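These are the residues of each chain, in order.
There are 2 protein chains.
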Amino acid sequence: METKEKIYRTASKLFLEQGYDNTPMSHIARELGLSKAGLYHHYPSKESLLFDIIDYLNETNFIPILKEAEKISDPEKRLIFFLRRYSEIMTMDASSRIAVHEAGKLKPHHSKIVKQNWRKTFTLIKDAMSEMQASGKAKEISSTFAAFAAIGMCSWTYYWFDYSRKESAEELSETFIEILLRGITKGKE
Amino acid sequence: METKEKIYRTASKLFLEQGYDNTPMSHIARELGLSKAGLYHHYPSKESLLFDIIDYLNETNFIPILKEAEKISDPEKRLIFFLRRYSEIMTMDASSRIAVHEAGKLKPHHSKIVKQNWRKTFTLIKDAMSEMQASGKAKEISSTFAAFAAIGMCSWTYYWFDYSRKESAEELSETFIEILLRGITKGKE
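Line order of the protein sequences matches chains A and B. Residues in the first sequence are numbered consecutively from 59, following this note's numbering. Residues in the second sequence are numbered consecutively from 59, following this note's numbering.
Excised from the complex, chain A in its bound form (with noise of 0.2 angstroms):
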């Protein structure tokens, strides 16, 4: 493993157990038998290795979900592939609590970049409900509170899943996409 993977592998780790604000560099930099000055050399500041750990779940994760789904043209088809994936990464392991529950620590250019992933994210769901309303197969709800319902749904998950019990994955991700697809089509009258 490379050093830097090594470096926010172990942070990672840590910010997980005890939250950023309470990781001082000095104990990553114990934790990986390194000296403080061994760490600054590869990450300048804290700050810089949390958004290497969020870009890095992104990188790994979100973007090629998010591409793959971009491909299917069926606006349902698309929808249902990334709900399906995206709970499932966020039953992989507790590490996207990361991406969400730190981002606002930040410096402004990083959660810039963040921040366009999230909305990439949004307006991959919000179109794809947007695509199914115009041709009738959904209902004239707000697209935009709907999405925002679905990555709700999806992204709490870090805060209350068993990651013990990982065979319960699937079960979860089909509820989601049960429940959403059936909440924003058009029921038979």
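Hints are computed from structural coordinates only; laboratory data are not their basis. From a predicted model like this one, the values you see are computed outputs, not experimental measurements. Glycine included, each C-beta is placed from N, C-alpha and C at the ideal position. Hints are supplied without guarantee of correctness; some may be wrong.
[As the list claims (entries may be wrong)] If we take Cβ atoms under 7 angstroms as the criterion, some of the chain A residues that face chain B in the derived model are:
| # | residue |
| --- | --- |
| 1 | E225 |
| 2 | E229 |
| 3 | G245 |
Using the hints provided, position chain B relative to the given structure of chain A.
Below, chain B alone, put in the same frame as chain A:
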């Protein structure tokens, strides 16, 4: 306003602005025009202050609607009533963010009390869904995951809601109710 109320209102504002971990007691005292000793006279620790803020939010916002909802015998009406009021609380002001975001900082004996309230919320929603399933009104999906979906979409609100545009609060709660109720009930075949 009583001194205690002044204290937790001020602390609440500071915790929202800069986070719990980044707000020392000395800063709260300064903002209130109190000495540090004066502040410690009312609150023996910052954690006891955090607990009081969260407990106050629960006592004034959540407990009353939980109690009100529990009186409604029809499970669908109970669910709709609760979700509407729950979303409304999330759009009233950003202070609920503290109850969600900083609850992990509480000591075990305080955390236990807060978790009991979460548990009551969860149980109210889950039981209403189970009753709807028993009467054949709701689909046989996991009422546990469906309850978390409901809590997630409502609780997530504080992450994105524009508190300067409160006029959209009603449309938001109606959208959530529409998605969730349609999402869990059986459609016409």
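Right, here's what the structure says about each hint:
no.: 1; hint: E225; result: 13 angstroms, violated
no.: 2; hint: E229; result: 6 angstroms, holds
no.: 3; hint: G245; result: 5 angstroms, holds
Checked against the numbered hints given earlier, the structure breaks only hint 1 and satisfies all the rest.
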